[in-house]
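> Residue numbers (our numbering), protein chains in the order written: chain A, 1 to 558; chain B, 1001 to 1558; chain C, 2001 to 2283; chain D, 3001 to 3283.
Treat the hints with care, as some may be off.
Claimed, not checked - Cβ-to-Cβ under 7 Å is the rule here; a few derived chain C residues that face chain A:
#1 Cys2016
#2 Gln2129
#3 Ile2139
#4 Thr2144
#5 Gly2146
#6 Glu2150
#7 Leu2218
#8 His2221
#9 Tyr2277
Since the hints were derived computationally from the structure, they do not count as laboratory data. Glycine included, each C-beta is placed from N, C-alpha and C at the ideal position.
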Amino acid sequence: MDFNIVIAGEAGQGLKTVEAMLTKTFSRHGYYLFSTKDYMSRVRGGHNFMQIRISDQKLEGPDEGIDLLLALNEESVEIHRSEMNEDGTMISEIESDENDIVYIDAKGLAKDVNPRAVNTVFVGAAFKIMGLPTEEAEEAVKEHFADKESIIEDNLTLLKAGYEAVEQLYNLKGLGKKDDRMVIDGNSAVGLGALLAGLSYYAAYPMSPSTGILHYVASKQEELGIVVEQAEDEIAAINMVLGGTYSGLRSMTGTSGGGLALMAEGIGLAGVTETPIVIADVQRPGPATGLPTRTGQGDLLFAVNIAQDEFPLMVLAPKDQEDAVYQTFRAFNLADKYQLPVIILSDQFIGDGSKTIKEIDTSDMKIERHLVDPAEVEGEYKRYKYTEDGISPRAYPGQLEDNVVLSDSDEHDEFAHIVEDAETRNKMVAKRSKKMAKLKKEDLLEPDYYGPEDPDYILVGWGSTAGPLTEARKMLADEYKVGHLAFNDVWPLPTKEIEAKAASGAKLVYVENNAGAQFDRLVRSETGIKADYNILKDDGRPFSGREIYRRFKEEVSK
Amino acid sequence: MDFNIVIAGEAGQGLKTVEAMLTKTFSRHGYYLFSTKDYMSRVRGGHNFMQIRISDQKLEGPDEGIDLLLALNEESVEIHRSEMNEDGTMISEIESDENDIVYIDAKGLAKDVNPRAVNTVFVGAAFKIMGLPTEEAEEAVKEHFADKESIIEDNLTLLKAGYEAVEQLYNLKGLGKKDDRMVIDGNSAVGLGALLAGLSYYAAYPMSPSTGILHYVASKQEELGIVVEQAEDEIAAINMVLGGTYSGLRSMTGTSGGGLALMAEGIGLAGVTETPIVIADVQRPGPATGLPTRTGQGDLLFAVNIAQDEFPLMVLAPKDQEDAVYQTFRAFNLADKYQLPVIILSDQFIGDGSKTIKEIDTSDMKIERHLVDPAEVEGEYKRYKYTEDGISPRAYPGQLEDNVVLSDSDEHDEFAHIVEDAETRNKMVAKRSKKMAKLKKEDLLEPDYYGPEDPDYILVGWGSTAGPLTEARKMLADEYKVGHLAFNDVWPLPTKEIEAKAASGAKLVYVENNAGAQFDRLVRSETGIKADYNILKDDGRPFSGREIYRRFKEEVSK
Amino acid sequence: MVDKNIYQADRETAWCPGCGNFPLRTALSEALSEMDLKPEEVTMFTGIGQAAKMPHYIKVNGFNGLHGRSIPPAVAMRVANPKMTVIVESGDGCTYGEGGNHILHNIRRNLDIIHLVHDNQIYGLTKGQASPTSMAELITPVQTHGVNAEPFNPVRFAVGMKASFVARSTVGDREHLKEMVKEAKKHKGYALIDIFQPCVSFNKINTYQWYNKRVYKLEDHDPTDHAAAMKVADKFGDEIPIGVIYREEKPTFRERIPYLKDKALVDRDVKVEDMEYLIKEFK
Amino acid sequence: MVDKNIYQADRETAWCPGCGNFPLRTALSEALSEMDLKPEEVTMFTGIGQAAKMPHYIKVNGFNGLHGRSIPPAVAMRVANPKMTVIVESGDGCTYGEGGNHILHNIRRNLDIIHLVHDNQIYGLTKGQASPTSMAELITPVQTHGVNAEPFNPVRFAVGMKASFVARSTVGDREHLKEMVKEAKKHKGYALIDIFQPCVSFNKINTYQWYNKRVYKLEDHDPTDHAAAMKVADKFGDEIPIGVIYREEKPTFRERIPYLKDKALVDRDVKVEDMEYLIKEFK
Ligand SMILES: Cc1ncc(C[n+]2csc(CCOP(=O)(O)OP(=O)(O)O)c2C)c(N)n1
Ligand SMILES: Cc1ncc(C[n+]2csc(CCOP(=O)(O)OP(=O)(O)O)c2C)c(N)n1
Ligand code: SF4
Ligand code: SF4
Ligand SMILES: [Mg+2]
Ligand SMILES: [Mg+2]
């Protein structure tokens, strides 16, 4: 069972509320969900839509084709008509003879109850058409409009009105509530991972599509007693966050491409001062302003080479919303362990999209701050002490009695004082690079491999393409021996697995959401291995598994 | 004949004046010069030195070992003693029995004449010791202190006093003035190339070691009637320069690593708005503040991947001061032809260093603006018109009657209006990438190759290592069959020559002034070719040919 | 007079119905037409935001650059072409937030530009976070307990800096706004107009009504009296004055570059031959 | 009283002999000692420049960050540890030039910090270009015909913005400077001291003598009177007033975050278990 619902209309028409109610309800009915948002860089008008895919099986990405369209305005019928599946249905306010359109007089029904709640009529109608009972939807309405009695009342009335206005067409049935699952969007997931890791200070400047992280952590600031600060610009944000860590707080910022560009110098500062920070880059297409509300994976090489000269840096890309929680948590521990900046490369696809995932399991989550034990500091404190593994004792001001803590952006000696001689420079460069060596040895995640042991083809992806690639692999499995290599850590690049796979003789098919095959170039620069095929997409829209399947057949196995 | 002079002392002691007088004089005597500056990031005190190497043969870099030391303070004798060549001489105010020290009572001699001109005593002594007549030095004094009669007088007196106070030790002789040569530092060279190209607007924020460009072009602003504006920050600078080109002016900015980081977003803006600009990055070691007055080649991968997502961009690296003039000129023409940002990767080594070069020959220098011919614009002007080669007609506001000129940082249509649809996005990405394809075909410079046809080893370098590598190759030539591949254009990367050389089976020895072998990684990512050996140096000091020679023997042919 | 319709591009806008950006655009078109400026005689520089989309919706030359960077690209046009009318326009977030350093220093440059700030006291395009001018009590998804900083009063800031022309207006009074634009154009030097522009989607405090109830036209105010101007500038509460608040004639950016005179740098005729002498200087 | 010598690190400085940075450092050390602050109880945030090298030459906690970015890293310390004395210090170029946007917005935040600006009216470390505060007539290798912009008057700017404490002092009067530092420390909220600090190497206009001849101590001035403060702030010519020019008590950054109370965020005890409930919210 695999059912694809699209809610379409103008910006400002309340699509998000409809999505929220549907999502909650399906989830309570025990369905797996995967939703994506396609919206324009504007506040009202234009054409936006959200896709909710539901299934009794775990879902890993969006699919093409629409089973049920909630057309909140007339235009939407025209726009999406060609995508309708054969038995698909459109709920619309257009009176029409065509039998794939279910007419509903939503405005008429809402007029006397509450015209602003007109969308709930669509929700009610949708449930009836699908054959689902409304109890869970009623619950969802109550939770969504919490605190506002009269509004809840109106929405419940309209839910019922919608339900009663149409006929049942499908037979979806509830599957029963499953308690080990949750539904989360990627931006909240990054925020949640950070909060679980003990985030105390988040400073950022709003920028689509990263603002969801800011909003989520801000919504928790009071109850957790942490500080979320809106900076005057991204340069302030990154420097605030450096000050946060220096002051002893787990600190993070989030942005998108243009903001990341403004943070470049500050990320280098984190490198040379060895200040652990976490930066989320929720990618959107560029260059410059580009397509502000769309998705892409065009910042990879930029992130890996983010500032002048060289310094320890880690870049990792969550594979989906679930992974985003764990990877963000991990990012904080690794930043602290190696005293370096960690960039999390997310994107609009997972950032704005939601997915049913297994409930986050915290049993292996340990906050590891790696701060110096004051008892171990003897004599004058050396912030940049030479050590075997390059990691120096890190303290924050006020932590050590009778000792001050100095941090410096110039090349410096062990005490953080400015130096210019070649000898100290060489020692400090060596010290910093030892940290990368250790990181590679101890903490780098090799990509996950899924598929047969002797594949003819291997789909290679990084970050958010993992889900669509999983689906594509399954579709291809009937016809080909095809595996899937899914990278999490992209810098430093884990090379063992890809080298082994390349050596096996399987054809490598890189699938990336950018125009320049950036991951292919990165892998090649580190290993010499080159893709045999590149399936690329750079139009701001995510891949679906079906699309990859099709393009594989068109471009790879012709 | 190859003679190495070092002038050493504190910052603020006037080393630059001594260097200027010596340089001018040697040049007038017909010598080839190569000078480098080693100075600290401070205004007074510390230890600075300048090296002037002179020869009757063309020089390509600095050398080790000192023949004549002008020790302007006592400390300098100690610091440089170990570097003295066997027959070397030190001029110093220290009374000493050691016979490599020539004592001179400079302060005493200057006391009654002009204590501030004490250094000129050293200059006079130096010429006597070397066996050179003083006429040319007198000319140099007069030019250097132009307009200040009494100061000229004092300096001439002290020049003579110094001359008379010591004995001749060497026998250098004048070679006679050569009129087809000039001496120029790399920063002025970039500025000169820009001015010749018709630079009308230079906006920048001071940053070592790039400030020399700013100072040079500013010194010419009034006489050329152009505008040099000190921006409030580098973000302003890059956006000013974009506005400059948009307004119809050839525009440029210059900075170093940290400033380049702040310009990243603006360079992406140049990419998407297709606004031709030239950016000089005079590299210094980082990360962050790093070593502000030293040299390095650590910004390569940063420059190549300078901003979010992908856009047409060219990065080129001048090989020496002469090349800097021509390459900068070329950068403007290419920026205009392809409507893209061009980054010139210079560094402190050539930026602050001076060299005797062949007089710049302007006969092949043609300013090519590639602006639209208004007569060819029919109907509504399309700034981003789709064309076969991706290059659209560029106009500036006011240039076209009855037509406006719009430029946009969002993804846009041919008229520069914001779009969000996938189709236009794909078309515009394709249009922009066609420009890169054309650039690769028509204008990319393959690296120069020097050496035997069937080398066993090839030294591979980019930008400013060209000179030292030339010298190293010559030293190695007696013992090995060794060639030298010198890259100018580094992005897009010209691949033909390196591919041919790699295929020949010669061992590739990459020599770079950075820690991470960035060029090796870049070449590998584009061609799969990897260095057989990497000779790297990242301590802020330039290579000398001799050092490369030695390290070749230690690390390559062991 | 240039037909005012020429400015109103027929493109669909991305603005919300009822947004204050519409009357602002109308006032601007009318002012341009009444000042008899042809589209190609005007260049508009904007940043990013809802306000900053203006050059797509009005027909003049336009450079729609980066968020926060509306002013820097305008500097060159002032030296390139003294005859061009230059308008810098953007939102309050773009101008006073991300771009704060540029307004600070361009007040000092005293470029001859018309600077229009759509002050809706909110970040519109990114959906409702506090802008520098937001009221302290504004609750948003980020400012969950109000703003962590005092609101920025752009007029007091600019008058404090002795910007050469500082005015405030509101889209609620189109005639007034038009008048201010014309005054700004007449003024030689930098001219800031902070314009109240209600955001009907996100700012539920500073509505049309809120502004209409509070604004009053300055009368008997001498804008050349700095102390008086400071007092007026400080008023931002139950009563908010609109009009020209401060004005001071002083040297413009161009005038400080004496050798430019009235040359348009864009007309500079460059020949490599003429610069050969530069090469000789290195001999 | 903490021994003042404890602050004077014995490291060699990179400052020029005779530089105004030396007396500034002495005054600061003495003030710290007289206020009885131990080195570990003070944290200094600086940018890049000659002035910004201060934490290498005085013994307190120090974060020597990027050019222009002395203030942003200090924000967190204010929430992390309310007991820490926080000094932000840098040059005029770093603070008012590259970092202009941060001073603009941190005046609004009203962080409880002491902000010391070494105002030598020049870019020292990069060898003598104009800074925002340079006089219009300054000739430099870049400003070959003088500065293309009006000089920035930081005091007028800050008073215009109603910063909660604005003072001016000079290294020529060490006692006065010390006094100002102590006043700034006493003041709850943001406290700016713009300090005249002659650059003997590059600024041949604004010398010790130049300042000494002009400065006079404010008397009979009520720093809580904004109009009076604006008048005083505007004086920058033959006579230049020093002292506390403006003062206004208002909510600090911490106070605007009500739930912080007097908690030091650095002491926050975080346990993953305590946050399990966040996970449940997504079910
Ligand atoms: C460098 C950068 N940071 C952030 C953004 C995201 N962004 C776009 S518009 C905007 C704020 C818009 O507010 P304002 O300038 O007041 O304009 P309005 O939409 O209210 O008209 C922000 C933060 C961006 N585009 N670029
Ligand atoms: C991003 C960046 N831009 C430019 C510089 C170069 N720079 C270092 S210090 C300085 C100016 C210093 O002037 P000021 O802040 O007044 O300090 P002073 O040296 O006069 O004490 C500049 C431009 C830099 N380090 N980083
Ligand atoms: S979000 Fe606000 S400012 Fe933007 S268009 Fe809508 S109403 Fe206008
Ligand atoms: S350059 Fe000027 S400010 Fe810097 S140390 Fe020297 S005298 Fe002081
Ligand atoms: Mg706004
Ligand atoms: Mg200064």
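> Against each hint, give a clear statement of whether it holds in the structure.
Here's how the hints hold up against the structure:
1. Satisfaction of the interface hint for C/Cys2016 is found here, the shortest Cβ-Cβ separation to chain A being roughly 4 Å, below the 7 Å cut-off.
2. Interface hint status for C/Gln2129: upheld, as the beta-carbon distance to the closest one in chain A is roughly 5 Å, under 7 Å.
3. Hint status for C/Ile2139 relative to chain A: violated, with the closest Cβ pair at about 11 Å, above 7 Å.
4. With 7 Å as the threshold, the beta carbon of C/Thr2144 comes within range of chain A, its nearest partner Cβ sitting at about 6 Å, so the hint holds.
5. With a least beta-carbon distance of about 11 Å to chain A, the hint placing C/Gly2146 at the interface is violated under the 7 Å criterion.
6. For C/Glu2150, the interface hint is violated, the least distance from its beta-carbon to any beta-carbon of chain A being 13 Å, above 7 Å.
7. Here the hint on C/Leu2218 is broken, as its CB sits about 30 Å from the closest CB of chain A, past 7 Å.
8. The closest approach between the C-beta of C/His2221 and any C-beta of chain A is roughly 32 Å, which is over the 7 Å cut-off, so the hint fails.
9. Here the hint on C/Tyr2277 is broken, as its CB sits about 36 Å from the closest CB of chain A, past 7 Å.
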